[in-house]
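Residue-level listing of the chains:
2 protein chains.
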Amino acid sequence: MEFKISKGFFKELKKFIKGKNKKELEVLLNDMHHADIAEILEKLSFKSAIYLFKVLDSEKTAEILLELDEDLREKILNRLSPKEIAEELDELETNDAADIIAELSSLKKDQVISELQDEEHAKDIVDLLRYPENTAGGLMHKELVKVNENWNVFICIKQMRIQAENISRVHSIYVVDDEDMLLGRLSLKDLLTTSSKTPISEVYIKKLNSVIVDTEDVEVARIMQKYDLEAIPVTDEMGRLVGRITIDDIVDVIKDEATEDYQLAAGISQDVEADDSILELTKARLPWLVLALLGGFVSVKVLGLFGGAMTNHGNLFFFTPLIAAMAGNVGVQSSAIIVQGLANDTLSGSLFNRLIKEVSLSLLNGVILATILFLGSHFLLNVEIIIGIIVTIALISVIIIASLIGTFVPILLDKFGIDPALATGPFITTSNDICGILIYFTIARLILGF
Amino acid sequence: MEFKISKGFFKELKKFIKGKNKKELEVLLNDMHHADIAEILEKLSFKSAIYLFKVLDSEKTAEILLELDEDLREKILNRLSPKEIAEELDELETNDAADIIAELSSLKKDQVISELQDEEHAKDIVDLLRYPENTAGGLMHKELVKVNENWNVFICIKQMRIQAENISRVHSIYVVDDEDMLLGRLSLKDLLTTSSKTPISEVYIKKLNSVIVDTEDVEVARIMQKYDLEAIPVTDEMGRLVGRITIDDIVDVIKDEATEDYQLAAGISQDVEADDSILELTKARLPWLVLALLGGFVSVKVLGLFGGAMTNHGNLFFFTPLIAAMAGNVGVQSSAIIVQGLANDTLSGSLFNRLIKEVSLSLLNGVILATILFLGSHFLLNVEIIIGIIVTIALISVIIIASLIGTFVPILLDKFGIDPALATGPFITTSNDICGILIYFTIARLILGF
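As you go down the protein sequences, you meet chains U and B in turn. Just so we're aligned: 106 in full-length UniProt numbering is position 106 of the first sequence, and the numbers increase by one with no gaps anywhere. Just so we're aligned: 91 in full-length UniProt numbering is position 91 of the second sequence, and the numbers increase by one with no gaps anywhere.
Just so you know, the hints here were simulated from the structure itself, not pulled from any lab data. There's no promise every hint is true.
List of simulated lysine to any residue pairs, SDA-like, C-alpha gap at most 25 Å [what the hints assert, rightly or not]: (1) 301/U / 439/B; (2) 43/B / 347/U; (3) 4/U / 342/B; (4) 283/B / 372/U; (5) 301/U / 387/B; (6) 4/U / 219/B; (7) 301/U / 393/B; (8) 7/U / 354/B; (9) 60/B / 228/U; (10) 158/B / 195/U; (11) 226/U / 71/B; (12) 255/B / 135/U; (13) 255/B / 414/U; (14) 60/U / 190/B; (15) 43/B / 344/U; (16) 4/B / 214/U; (17) 4/B / 228/U; (18) 22/U / 46/U; (19) 4/U / 257/B; (20) 226/U / 50/B.
Sequences are here, hints too, so could you generate the full structure?
Structure (structure tokens):
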């Protein structure tokens, strides 16, 4: 039952925008989900999008703003006055409002804050602005339902009705003392199945996972996944309840984390999308390419060392790309498996056992691949037997060394507190290229004696 | 407030296991979260793990089973009788129970099902076994709260109390007619803030996202994320409510999807972990390596075509790994960005615009890198100016071609319904290696005329 933008719908929409038929536009879009309207805005020209945005009422546009692509949101916010932006923010939950404010210039930020109507809400938003984006404080919102341990179920439900008015999802009800110290939680289910005179102190669950404001976002994600939580309360350093993080915010953290590893493995150093500007894409891609190019210089130098072999054993040079590519591929495979193991915390056993395993694994792969290479060099490529023997030995050696580099570089980086995903992609391919070529020609020199 | 296994704790635990002190073990583990106990079991020897597992009561062990690594779960299930397994499953939600049954041999499966005590529960589990794993039917569970449109809020709350007993998380309350056709939902919040005599038909929300049993899991994930849903009802083809999917099941789908792309980009063809057996790891890694090796054969052949240049322009061959590596790196970057764009549905604009953009982008990168290469070849590598000019021109051409291949191969695969992530990793590096070398030597031949 997802909405799909049909051509007919789009044609009608454009007609209404052109004719400035506000009424018809309202009817057309009234029942539509804000995520769908955001999708429509992104498909329109900016002029049409801003017109449509201003036609819709602020309850809807606030949610739409959240769904929009960052670039389009920035453009639209630039066209709104501080007062108009404040009206949008008044409709949003605190953390969503804080996220949008954080995107504004510091001058506009202050103007917008001073225009916020609901004072409590404004205070909460300003509080949230203090926390770094990638911490529990940056993820949490202030909206939550909390009850005092001294109430009974009846008063509790009455209070909850008031508090719940402003909250889209209740999840758990947190229990605090008079000092706002977090004591435990009440589950909605328990509340539905308990008589109304029971005191809260008798029904609440004392065991409760919580995080502190400065816990890292990925750590919050890990804890929520491990304990299968849909919401987690956030306390300050003293244990006072200050906010709550819900699973939908964590889904983004999990996705971003996976995306980042993927991009690093592909040699892209910033969070970019296909539709970003050429300049942004270049900034994200060029650094790794420069690194790879400098690695390439080293490989030219290394090959130059063995240039003397060209007169009598020129065929050797035809195999350098093959050997380098295999080294790179094996290295990337090994490092990807380790990076995932580190990320999911599933690496067990000692380093020595891992060494034994990686060597056995690459010996197995190496022997199979080397057999194919030996047969291929003889029957398909028609090179001399001795060259076939050299590339075969070189391939096995290169595969073992490359897989060891691929395995231990990420482990080492992780030990030093550096993101091991940095070791995948261009870094590992380039260093393995060089090692591969060096090993190959060293073996050739030992056998052929040039 | 996450539990960390301390050395002291572990020592005590082992002592109790050795001494078979059941009482002390129960005290030690009684308050512990099942996810923590699962972690502990994975760190023990299998003998100790199975002893501990049998000491704990089945309410706890059922949840522990779910958290365990697949291998250890399989080993433990092998040691339990069908009756014992059925006791575990009676404690679990339907879809979790179905997932575990699906892992059993078909003989044991039937024995376990016949031992299930709660008949309703058993029927629901058997129903769920019919659905393929990667569909809405395979993800959903049968536990949900549903109310009839003809009830009022008072009856509704009474009924909900009964239904909620067996459900860990209520989320929404679904409204159905006498035929079980899904009509809409009641939010808990609305229920908390509505007077008890109001008829349900007046308060329920008619607009509701739902999916059909055979909707693909990634599609369910996309819809739930787009509309920011924490639960989505599942209907059969006729619109009757048959189950519900919650966000925690979707988190796994999102993670698996990201992992799969990452592994494909690294040339690993199956879902493997660092701790899998050598045979499994080889099966996942070898196919791509064989492909890369065959690609390597082609590169040897291509280089052979230009072997004549070796006598007078041997230096050219020193640059082949550099050119091949740059082609591979650029290709992987381009394809990764496109694969992500396709996955997140953020690719907009026509193919022609994308072509223009990709060419501009690679021209910009290419010119910068070529400048570095030209200067480097002269000052660092000391090759003749003419060789420097050739590699510089080749690098720009190779970068453009490689980025076009990297961009359009995934788009093409996607058009034919093939997973575009297949095009990243070894596939793109190998084909770009070959193209790069071919372009490089063709340019060299044109300029030097060998």
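Okay, the hints, checked on the actual structure:
no., hint, in the structure
1, 301/U / 439/B, "holds, 22 Å"
2, 43/B / 347/U, "holds, 11 Å"
3, 4/U / 342/B, "holds, 17 Å"
4, 283/B / 372/U, "holds, 16 Å"
5, 301/U / 387/B, "holds, 15 Å"
6, 4/U / 219/B, "holds, 14 Å"
7, 301/U / 393/B, "holds, 20 Å"
8, 7/U / 354/B, "holds, 22 Å"
9, 60/B / 228/U, "holds, 15 Å"
10, 158/B / 195/U, "holds, 12 Å"
11, 226/U / 71/B, "holds, 18 Å"
12, 255/B / 135/U, "holds, 21 Å"
13, 255/B / 414/U, "holds, 21 Å"
14, 60/U / 190/B, "holds, 20 Å"
15, 43/B / 344/U, "holds, 16 Å"
16, 4/B / 214/U, "holds, 19 Å"
17, 4/B / 228/U, "holds, 17 Å"
18, 22/U / 46/U, "holds, 18 Å"
19, 4/U / 257/B, "holds, 23 Å"
20, 226/U / 50/B, "holds, 22 Å"
Of the numbered hints stated above, none is contradicted by the structure.
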